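Chemist: Spelled out from the first residue to the last, the chains are:
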Amino acid sequence: MVWNTNLRWRLPVTCLLLEVALVVLFCIFVRYDPDADAHWMDEKLAGNISSDLENEFYYRYPSFQDVHVMIFVGFGFLMTFLQRYGYSGVGFNFLLAAFGIQWALLLQGWLHCYREGYILIGVENLINADFCVGSVCVAFGALLGKVSPIQLLIMTLFQVTLFSGNEFILLSLLEVKDAGGSMTIHTFGAYFGLTVSWILYRPNLHHSKQPQSPVYHSDLFAMIGTLFLWIYWPSFNSAVSSHGDAQHRAAINTYCSLAACVLTSVALSSALHKKGKLDMVHIQNATLAGGVAVGTAAEMMLMPYGSLIVGFSSGIISTLGFVYLKPFLESQLRIQDTCGIHNLHGIPGIIGGITGAVTAAFANSAVYGEEGLIQAFGLRSKLDSSMQAKLQAAGLFISLAMALVGGIIVGLILKLPFWGQAPDQSCFDDAIYWEVPEHERTALRPEHTTLRPPEP
Amino acid sequence: MVWNTNLRWRLPVTCLLLEVALVVLFCIFVRYDPDADAHWMDEKLAGNISSDLENEFYYRYPSFQDVHVMIFVGFGFLMTFLQRYGYSGVGFNFLLAAFGIQWALLLQGWLHCYREGYILIGVENLINADFCVGSVCVAFGALLGKVSPIQLLIMTLFQVTLFSGNEFILLSLLEVKDAGGSMTIHTFGAYFGLTVSWILYRPNLHHSKQPQSPVYHSDLFAMIGTLFLWIYWPSFNSAVSSHGDAQHRAAINTYCSLAACVLTSVALSSALHKKGKLDMVHIQNATLAGGVAVGTAAEMMLMPYGSLIVGFSSGIISTLGFVYLKPFLESQLRIQDTCGIHNLHGIPGIIGGITGAVTAAFANSAVYGEEGLIQAFGLRSKLDSSMQAKLQAAGLFISLAMALVGGIIVGLILKLPFWGQAPDQSCFDDAIYWEVPEHERTALRPEHTTLRPPEP
Amino acid sequence: MVWNTNLRWRLPVTCLLLEVALVVLFCIFVRYDPDADAHWMDEKLAGNISSDLENEFYYRYPSFQDVHVMIFVGFGFLMTFLQRYGYSGVGFNFLLAAFGIQWALLLQGWLHCYREGYILIGVENLINADFCVGSVCVAFGALLGKVSPIQLLIMTLFQVTLFSGNEFILLSLLEVKDAGGSMTIHTFGAYFGLTVSWILYRPNLHHSKQPQSPVYHSDLFAMIGTLFLWIYWPSFNSAVSSHGDAQHRAAINTYCSLAACVLTSVALSSALHKKGKLDMVHIQNATLAGGVAVGTAAEMMLMPYGSLIVGFSSGIISTLGFVYLKPFLESQLRIQDTCGIHNLHGIPGIIGGITGAVTAAFANSAVYGEEGLIQAFGLRSKLDSSMQAKLQAAGLFISLAMALVGGIIVGLILKLPFWGQAPDQSCFDDAIYWEVPEHERTALRPEHTTLRPPEP
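Chains as they are written, first to last, in the numbering used here: chain C, 1 to 456; chain X, 1 to 456; chain Z, 1 to 456.
No lab work stands behind these hints, which were simulated from the structure alone. Please read these numbers as outputs of a predicted model, since none were measured by experiment. There could be a bad hint or two in this list.
Since copy identity is lost for identical chains, a pair holds within one copy or between any two.
Stated by the list, open to error - With a cut-off of at most 25 angstroms between alpha-carbon atoms, the simulated DSS-like pairs for lysine-lysine come out as follows:
hint: 1; residue 1: K274; residue 2: K326
hint: 2; residue 1: K390; residue 2: K44
hint: 3; residue 1: K146; residue 2: K275
hint: 4; residue 1: K44; residue 2: K277
hint: 5; residue 1: K277; residue 2: K415
hint: 6; residue 1: K326; residue 2: K390
hint: 7; residue 1: K274; residue 2: K44
hint: 8; residue 1: K275; residue 2: K326
hint: 9; residue 1: K146; residue 2: K326
hint: 10; residue 1: K44; residue 2: K326
Next comes chain C alone, as it looks inside the complex:
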């Protein structure tokens, strides 16, 4: 079957329809949070607030900007590692994230900030919208190179919806703690994306084997993504924690976990290569697993050494996953995972959920103080920290279930043949969807050019 990859009308119509719908819904529902509304002066008087600094903006805006960099530069450039798919990696991530944050503002707003007919948005909503989209970026990683931008927009539409539902169940109904989103963002996003990839299995991808490998400079572009993700992850895990010690502690724990993770990723990368050489794939990805795995527990009293242990383990497990599990998933389970999100977000996300449950189980007033325990877990925890632990574990399973069921449904929708997807032999090639500089359409593919040393 010859698929039509000309998106001339389908992509514009999809984008414009979605955006018009968003404008209408924003017009009906979205207004400013009191901290962002011009009535803030009255708010200050009414609340006896002495300083503008108490405006939520000053507590959270620096963290918001860091998270924003992670979503657009971090995830975007992380996906430029393929030699001929850099435009799409960074460009489609840009597109889906820009759509997703608007849709997430609405959905999360309805579920969490709906007051008298209006969604009131402030800086915390912006962060949460970025978080939600983070889970879509994760899922995109499994599908990179194999889907059209229309498919990505459709997927974002559904995944943001499912994410918001799952998040509501976990955070509002079960009152699970998940500051850095190990469960809601990473576990959900990864298994959702893997399930979609499983449904969209392409048996003939070996035709495009060569463009699936990086070139020298594309690996350096990807390191821009890696480093900004790594650097700003402490902001990610602390961005929506409670003011004061929780935010502070979440940043410290994440910093520690990530640092430890780098050493074990490097160790395993070298140990698993027959000549002891390092692999850029591991350095680009496994070094970040510590941030994922410490997500849930970051704001808890995990202790700095606890964070190191989490980072230590997740660096090892993630690198092992890249070396052994990724080929297994592809050959045995027919799950093609372009970026290896199972190893960076899937397993570390589960580790994060479990770590959170265990840490919650050991919470007590000796460690947290009477006041601190209530602050950290709400009144319930004072009575029963093992209950909290069970709910945390339940949250992990619910996230997995939502991801699998949702992934199957969305995967089947995306399998419909009219979304402009590329045939197997044209996957991983920007030239399908992008105007590419003419003289370069094949220039970087050494088997077609004279970039290889000539035969003597």
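On the provided structure of chain C, position chains X and Z as indicated by the hints.
Modeler: Below, chains X and Z alone, put in the same frame as chain C:
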């Protein structure tokens, strides 16, 4: 005529003279703002300030750093899209901005912060200096590849002066609101640059047609610029707004506008290509138009849906501009606009000015609250919001007039033949002004090398 | 002698042993600072603190993130300028910094924050750990391309230890002021690295002359590093200054110094080239010398014009160093300095130390105010600012002595033949330690490939 592009003495002498003059002027005029002076302790006592947090530094420093990234990394890398002009794009932007911020500190200081013979500088001055230089970076975009670094320094010297005068008329005399600088920065910068480019028209640029196109990796470098501009634009538009709700609201509005703008830019880019393919030029530039267009009104009660509408429209108009207006300007009006600043800063800047005027016209105490209205527009607006709207519109026209008149004068100065400018056939080539790695002087130009597939 | 560069067991064992040791030591010693501990609620009550904003997190976290970007993206990408050593430049910097910050948390903790058997860490410790690692990144610059990752880990282990000792002598025993670390970070780091490089002298490096030069796009990657260092340097120099005016002033002074430095670097770069062309090496490095040289005095009442003078001079001296001193050091003193750290950190660091001493000597209550003087220098300075100046000068000499003695010892350790170092002819080549895309192992080396225009 053979121009002398050897800058050996002219560039060093220009740089050193300018810097010596700056040192002398700083020595005479510039001191620290009370918040940055060691007498801050006394200031706190006198003002009954209880916490160091009330120091302006903590309100504005994070936004300042974001703006700083935009000017140097954002604009710098946005201009690396040309295949052989990356050094100059990022390097000359670095040079002119570093000079411009110092000169702007003086000029803006004299006009806005001159107290008892001294200019007192603090973090807000640093932001405003960066803003001023932003307008020079905009103008540089029209001239990229066609001017020498000496011309850029001369242009910066004059443009910063004109900018400061225009800004003084708008913000201080007319009390126009322009938080994100749609008028003062973007409209002024764009039409100034276009006018200069018109004066400096080069009829034979088709000789250097090939280096005017990007190569694959130069487009990815440019995306670094685009994304950092896009991500930090909420900080740009909110950086000098009033404490509290205004800063908060400006960030939210900009976030919304930019998100909407991405979708319509992508839609139009695809719709206007005969095979529905996306064009990197649009993704790199038109996606930012929403930030420009929401600049003036960002701190007003534009409402989130208002921001979406602004972003929606400006993405469409900007992309249309790149496709239809840019070639028209070049062929019919003899305005060569290398980066297409007319479409990214010119028209969206005017949209921004108009949006600001309209939003101001509808300001009333029902929307803002009594206190909020005074806070937002000063006492005047309480009486007469239509007056404010007219002044806003006047500000837009004044900015345009200053840009055109100033651009003609500065253009004529830059047309003098001794500034080291390159001949037409050497435009867009780093090798004129930079030591370029020897073996690569032609390596990336496929028509000269074997990078093209060999003939059979 | 044929060295074994296969790191298969040595690198993993080194990484894992170090990390296990860190976990154990963290478990025994490291706990949260009161501002990051769940007992913060009690802390607030006890200290009569009314707002969570008074948590140290909100004073320092934005600066911390900026510094974090400098260490990992700034230094990392600055070292990608070599054509075939980008993976190692950014990757090894990542590895050594991730290890170094953990080790620094312990050492600096024992020396500065040891309370009742525990090191209590908060955001200021994270910044100081990043600072400490900054000095290792500086030293790495001299050794880039010539050492194995194991050597770098060993060096980090020792250098962090020496750094912490030196810092303790200066800041705690002598009560020297060194906010931006001109002495403790830059002077110490540079002369330590140069001494190690002197001990590790490789006489046959001309065999790898070609890979020591950049290619076009590697110079652009390096500019990412340069610009993020340049932009965030004001945060670096102000990150640990006292709350309020000191932090504010340090940022302003650094901003001014760096801006001036760009102009003089450009001037000298052009003046010293026979055709007046600019050299990317100078733009990438000398433009940053102003940040180094203003480090010590940044928080003092240096005055904006004082900062300009510091930047002015250091840009000139640094560029002169690159042109004249670097070749001299290599040919006459047998010191191979890959990145030219002597010119960017060594001499500017000394200038910084001297500037600090001179500025301290002129400190008096007329300039600082009675309260301000005590705040800035402690009680002592009120009595005797010349004493402070002498101590500042002593601090500079101690840093130099520690660097030289320490560098010799560590250099001799690193000279042992079993650390997996590369032979001279394989220096500056990623392929020794990294899995490099196969078809590219020689692709970018024009003398081996057909990238050069073919002979007619």
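Chemist: Which numbered conditions among the earlier hints are violated in the structure presented, ordered from lowest to highest?
Modeler: 2, 4, 6, 7 and 10
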